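Trainee: Residue 339 is where the sequence shown starts when you use this note's numbering, and the numbers rise one by one after that.
Hint data in this document are derived by calculation from the structure and do not stem from the laboratory.
There could be a bad hint or two in this list.
Unchecked claim - Distance windows between CB atoms, simulated: (1) N398 x T506: 31 to 37 Å; (2) T506 x D392: 35 to 41 Å; (3) T506 x R429: 45 to 51 Å; (4) R391 x G471: 18 to 24 Å; (5) R391 x A419: 34 to 40 Å; (6) T506 x R402: 50 to 56 Å; (7) L406 x Y444: 29 to 35 Å; (8) R511 x Y459: 36 to 42 Å; (9) D422 x G387: 33 to 39 Å.
Note that this is a predicted model, so its numbers are computed, not measured.
Positions of the beta carbon are idealized from the N, C-alpha and C atoms, including for glycine.
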Amino acid sequence: LLGLGLLTARAARQAGGLGRTLRAQPRRYGAYLSHAGLIVLALGLAFSGTYRRDAQVTLNMNQRVHLLNEDLTLTALENVARPDGRSIVARVLIDGRPFSARLNTYTQGGDTPFPSPAVRYGLTGDTYLVMTGVDPKGQWASVRLIESPLVSWIWWGTLLVCVGAAFTLVTPRRAAQAAPARLAPATD
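Let the hints inform the model, and build the full structure from the sequences given.
Mentor: Written out as structure tokens, the structure is:
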């Protein structure tokens, strides 16, 4: 990839700018971009699956627990009424950042709780906090912490593949050719 970048930079200098280079050969540079996107996507898939970590713990109110190199503190449990049911919201600090994981119960679903995770998206990885159980008296909550590295790389790689594919559909601009010299009309 570095070599392609250096070759592209040299071609851009010789052609008088990157825009001219891309307009002259959009299919070539679109293919480069798509292949670079495929590499980014493959790295995202490989790392997000292979290096994914998760652990489960029961948090007592205002007690700090160290889990997966993160400090978790349960700061509040709230019971929230909604038009379609109710939610129990666990307010948790993970390394000082607030997360709000929910257990939703819907009126049509009976008493079955449906977890709704709190998610922190990042360039190097995503963190998910899922509440799996709660104390009816509001003293503790069981949570599952999931860390998946490079998940956003899957989306960025896909975007690069699509943009590169769009470039390959562009018709290259042909250089203007000089008209052949014509013979002068005969004058007798």
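Trainee: Hint by hint, note whether the structure agrees.
Mentor: Here is what the structure says about each hint:
About 57 Å separates the C-beta atoms of N398 and T506, a value inconsistent with the hinted range of 31 to 37 Å. Between T506 and D392 the C-beta distance comes to about 40 Å, which sits within the given range of 35 to 41 Å. In this structure the supplied range 45 to 51 Å holds for T506 paired with R429, their Cβ-Cβ distance being about 49 Å. Between R391 and G471 the Cβ separation comes to about 21 Å, which falls inside the hinted range of 18 to 24 Å.
The beta-carbon spacing between R391 and A419, approximately 35 Å, falls within the hinted interval of 34 to 40 Å. Our hint of 50 to 56 Å for T506 and R402 holds, since their Cβ atoms are close to 53 Å apart. For the pair L406 and Y444, the supplied restraint of 29 to 35 Å holds, since their beta-carbon distance comes to about 31 Å. Range check, R511 to Y459: about 39 Å between beta-carbon atoms, so the 36 to 42 Å window is met.
In this structure the hint that D422 and G387 lie 33 to 39 Å apart at CB holds, the actual value being about 34 Å.
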